[in-house]
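Asker: For the protein sequence lines, the chains are C and Y, in the order given.
Quick note on the numbering used here: the first sequence kicks off at 1 and runs consecutively.
Quick note on the numbering used here: the second sequence kicks off at 509 and runs consecutively.
Don't read these hints as lab results, they were simulated from the structure.
Take the hints with a grain of salt, since some may be wrong.
[Said to hold, decoys possible] Listed next, the in silico BS3-like pairs over lysine-lysine satisfying Cα-Cα at most 25 Å (straight line):
#, chain 1, residue 1, chain 2, residue 2
1, C, LYS322, C, LYS383
2, C, LYS328, C, LYS200
3, Y, LYS637, C, LYS322
4, C, LYS21, C, LYS48
5, C, LYS188, C, LYS146
6, Y, LYS635, C, LYS328
7, Y, LYS637, C, LYS375
8, C, LYS232, C, LYS205
9, C, LYS279, C, LYS322
10, C, LYS48, C, LYS136
11, Y, LYS635, C, LYS322
12, C, LYS232, C, LYS146
Below are the chains, spelled out letter by letter.
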Amino acid sequence: MTNLVLMKGIEKRFPGVHALKNVSFELNSGEVHALMGENGAGKSTLMKVLSGIYPKDGGELFVNGQEVELDGPRASQDLGIGIIHQELSLMNDLTVAQNIFIGREPRLRFGRLDEAALNARAVEIFRSMNLGLDPKTIVGELTIAKQQMVEIAKALSYESRVLIMDEPTAALNDAEIAELFTIIRRLKADGVGIIYISHKMDELKQIADRVTVMRDGAYIGTVEAADTPVSKIISMMVGREVTNDPVVIPDLSGAETMLEVTGLSRGREIQDVSFSVKKGEILGFAGLMGAGRTEVARAIFGADPRDSGEIRVHGKSCSISKPADAVKAGIGYLSEDRKHFGLATGMDVRTNVALASLDRFSSRFGVLRETDMRKTAQDYIGKLEIRTPSDRQEVRLLSGGNQQKVVIAKWLYRDCDILIFDEPTRGIDVGAKSEIYKLLKNLASEGRAIIVISSELPEVMRLSHRIAVMCEGRLTGILPGGEETTQEDIMHLATLRAPSMQPEGYPQ
Amino acid sequence: MTVVNSSSTPSLFARLIDTGAHQKLLAFASLIMLLIGFSIASPNFMQTSNMIAILQATSVNGVLAVAATLVIITGGIDLSVGTLMTFCAVIAGVVLTNLGMPLPIGVLAAIGAGAFCGLCSGTFVAKMKIPPFIATLGMMLILKGLSLVISDTRPIYFNDTPGFDQISRGSLIGDIFPALPIPNGVLILFIVALAAAYILGRTVLGRYTFALGSNEEAVRLSGVNTDFWKMSVYSLAGAICGIAGILIASRLNSAQPALGLGYELEAIAAVVIGGTSLSGGRGTVLGTLIGALIMAVLTNGLRVLSVAQEWQTVVTGAIIILAVYADMVRKKKA
Chain C
1 MTNLVLMKGI
11 EKRFPGVHAL
21 KNVSFELNSG
31 EVHALMGENG
41 AGKSTLMKVL
51 SGIYPKDGGE
61 LFVNGQEVEL
71 DGPRASQDLG
81 IGIIHQELSL
91 MNDLTVAQNI
101 FIGREPRLRF
111 GRLDEAALNA
121 RAVEIFRSMN
131 LGLDPKTIVG
141 ELTIAKQQMV
151 EIAKALSYES
161 RVLIMDEPTA
171 ALNDAEIAEL
181 FTIIRRLKAD
191 GVGIIYISHK
201 MDELKQIADR
211 VTVMRDGAYI
221 GTVEAADTPV
231 SKIISMMVGR
241 EVTNDPVVIP
251 DLSGAETMLE
261 VTGLSRGREI
271 QDVSFSVKKG
281 EILGFAGLMG
291 AGRTEVARAI
301 FGADPRDSGE
311 IRVHGKSCSI
321 SKPADAVKAG
331 IGYLSEDRKH
341 FGLATGMDVR
351 TNVALASLDR
361 FSSRFGVLRE
371 TDMRKTAQDY
381 IGKLEIRTPS
391 DRQEVRLLSG
401 GNQQKVVIAK
411 WLYRDCDILI
421 FDEPTRGIDV
431 GAKSEIYKLL
441 KNLASEGRAI
451 IVISSELPEV
461 MRLSHRIAVM
471 CEGRLTGILP
481 GGEETTQEDI
491 MHLATLRAPS
501 MQPEGYPQ
Chain Y
509 MTVVNSSSTP
519 SLFARLIDTG
529 AHQKLLAFAS
539 LIMLLIGFSI
549 ASPNFMQTSN
559 MIAILQATSV
569 NGVLAVAATL
579 VIITGGIDLS
589 VGTLMTFCAV
599 IAGVVLTNLG
609 MPLPIGVLAA
619 IGAGAFCGLC
629 SGTFVAKMKI
639 PPFIATLGMM
649 LILKGLSLVI
659 SDTRPIYFND
669 TPGFDQISRG
679 SLIGDIFPAL
689 PIPNGVLILF
699 IVALAAAYIL
709 GRTVLGRYTF
719 ALGSNEEAVR
729 LSGVNTDFWK
739 MSVYSLAGAI
749 CGIAGILIAS
759 RLNSAQPALG
769 LGYELEAIAA
779 VVIGGTSLSG
789 GRGTVLGTLI
799 GALIMAVLTN
809 GLRVLSVAQE
819 WQTVVTGAII
829 ILAVYADMVR
839 KKKA
């Protein structure tokens, strides 16, 4: 059988970087082929070569058995290669059909648009995907999952035989992931080949046929997804075995309660949530996407208003109405979206570390003491092992894991002893993940109270001393950490809907 | 690990061009080229008196442009700088001429009025969440109207306040070094620029000015009172407009209530030519000064070459587009 895509000995160099070293990759028709590797391993570069964005410096590329030279994204598109980027590129104010056929709208005479034909063609594509979606819906009103379907439909409208999906499930909840997988299986059955980039191991087991691993721009190997243990794949990715040490739960019976939340409510998003965290404890927050965990964190932190609820820190009631109040009380919040909510990415490491505490570095007249700022930044660069050429490096140039460490440094320097981590390892590669885990454990054992919100159950289970589970704005239970709690226990609570909410309350 | 190491080389390179150093260099080179070009074209251009006229013309626009720079770095825009300048001049006129107060009180009143109006704009933007463009557009019209109302639409002259015209026209430097008759207005521009550069580079207010433009939400979630700092920046900018008001009133020895409209665009143009990003987070006072000088040299040079006023405006517009285009090309290359 001929391969849909065959890449042999692909080479790519950028100034100072050997980005792809003799990389091979093949994709068969009707196959889901996962491409794995840590951030910076060269996956995206390889895919950019395949989609014609970068010219290759060496090697051969065959599509449908014929050697081709791609001189641009258009050439790749014409060969039936479609790419769905991680960040969706849809125009939110246009309809679904308008988005799919942007730039190729069917026309009537005198340059008028043929909306009827446009919508009819969109429906045709949806039918082939077995998807019931009104082509006249405004894209901005759709869920992220549905928007992703629109992207897929758009790729298919170019009669793509090869689909590249870059972390398609990053923003999806479990139900939506299942929906996506149904579509992927249907495309597979039609003979479309899919290159699937993801960091989530459990997904690979569900959807992928083969897995190719890259590391440091080099091809490491290709294995069958079904009969290769996850630990093997991880060790191929990081070049070493990553141990999964079980949680050690400290005895906290005598420890002080640092944070106590009672009756926290806001509309339907947060309904009467009460819990407490002790000094030295890591409390995990599990739940499906949209369960209200981030909302709880933001309400405690004063980033969003709340209707009711009391927040006690060190036993004292705190009136928190804005983030500045929470910080004063010693609460730090590390958002899942570091780039938008955590860092001034265009500024250097030094400023970002000091961002929450500039007043400490200033004289009476507001003049900054740069030397002290530099010392502090360098101190944390050493302590947290932040990999950066210097404290003057702009943080946007750091890797995800190191950016996260900069945010952590900011809060540590501010003396926050209650730290709320929202998806602490999102966008961080496997090797750096275990470093962040180690750091969180150390922070707890040093006597801080840690809350970890995570959508990845293994992460919650690996870190938490206790696990709070939420579903649709309610806290449905708090489970003990450690081995006696299973994923099934958590999932049971995470799907425990209030009876009255079932009929129409379930958000689409 | 290799990732970080490998990215350090291009990053240093990227930083060099990204900080706007390149744009400043470009702007500076254009300034020199303009100077050379005009002096070849006309022997009258490189006269000391003409150079001083250029500096004098830069002083008011330059001070306003410095004020605009501060606001623009926060990611905002201030359309009211021109009419605020006039309003402050009128306030000085009322205090000095109509009320007969001593000179320092008049100056302080003008600067205070500027700071207060800036605070109002800042409040609209920070507390009431009105987009800066709209808030300051409203402020621009309010101040234009108020200037006319307060002055009864007539110019207020400062003939009763001896020494008022010397604030801008006198020359402290010239008194000491007669060979360098640099007017005080220019001296004040440089002091304002130095102070603004110091505030931006070395103080908490300055750091937050950049941080607000870089990522306001991240700053707020760091527990910083962003509203307070934003209002502070607008107030400071307003106070600087007050200084500009004194300068222009002193130069004309009168407060002209109908003046002011159009100055805000010249100021913003100078800021943009100087390489400050309109999306916030990046910019320098030095760049703005060069930008203001380019505008002044251009206007003056074209006048010396007897190009009609109408065409001067056309050229200025073209220069703005060219400057920003050069900036875009540079960014694409990086």
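Asker: If you draw a straight line from the CA of C:LYS21 to the CA of C:LYS48, is it 25 Å or shorter?
Answerer: It holds: about 15 Å lies between the C-alpha atoms, which stays within 25 Å.
Asker: Are C:LYS232 and C:LYS205 close enough, with their CA atoms no more than 25 Å apart?
Answerer: holds, 13 Å
Asker: Does the structure keep Y:LYS637 and C:LYS375 at a Cα separation of 25 Å or less?
Answerer: violated, 37 Å
Asker: Holds or violated: Y:LYS637 with C:LYS322, Cα cutoff 25 Å?
Answerer: holds, 16 Å
Asker: Would the pair C:LYS48 and C:LYS136 pass a check requiring their Cα atoms to be no farther apart than 25 Å?
Answerer: violated, 32 Å
Asker: Check the hint pairing Y:LYS635 with C:LYS328 against an upper bound of 25 Å on the C-alpha distance.
Answerer: Distance of about 21 Å is within 25 Å: holds.
Asker: Starting from Y:LYS635, check that the Cα of C:LYS322 is at most 25 Å away, please.
Answerer: Given that 25 Å is the threshold and the Cα spacing comes to 13 Å, the pair holds.
Asker: Regarding the pair C:LYS279 and C:LYS322, is the alpha-carbon distance no greater than 25 Å?
Answerer: At roughly 24 Å apart (the allowed maximum being 25 Å), C:LYS322 and C:LYS279 satisfy the hint.
Asker: Does C:LYS146 lie within 25 Å of C:LYS232 when you go C-alpha to C-alpha?
Answerer: violated, 34 Å
Asker: Does C:LYS383 sit within 25 Å of C:LYS322, going by the straight-line distance between their CA atoms?
Answerer: Cα-Cα ~30 Å, so violated.
Asker: C:LYS188 and C:LYS146: Cα distance at most 25 Å?
Answerer: holds, 19 Å
Asker: Below or equal to 25 Å on CA atoms is what counts here, so check C:LYS328 against C:LYS200.
Answerer: The given pair, whose Cα atoms are some 37 Å apart, is violated under the 25 Å limit.
Checked against the numbered hints above, the structure violates hints 1, 2, 7, 10, 12; every other hint is satisfied.
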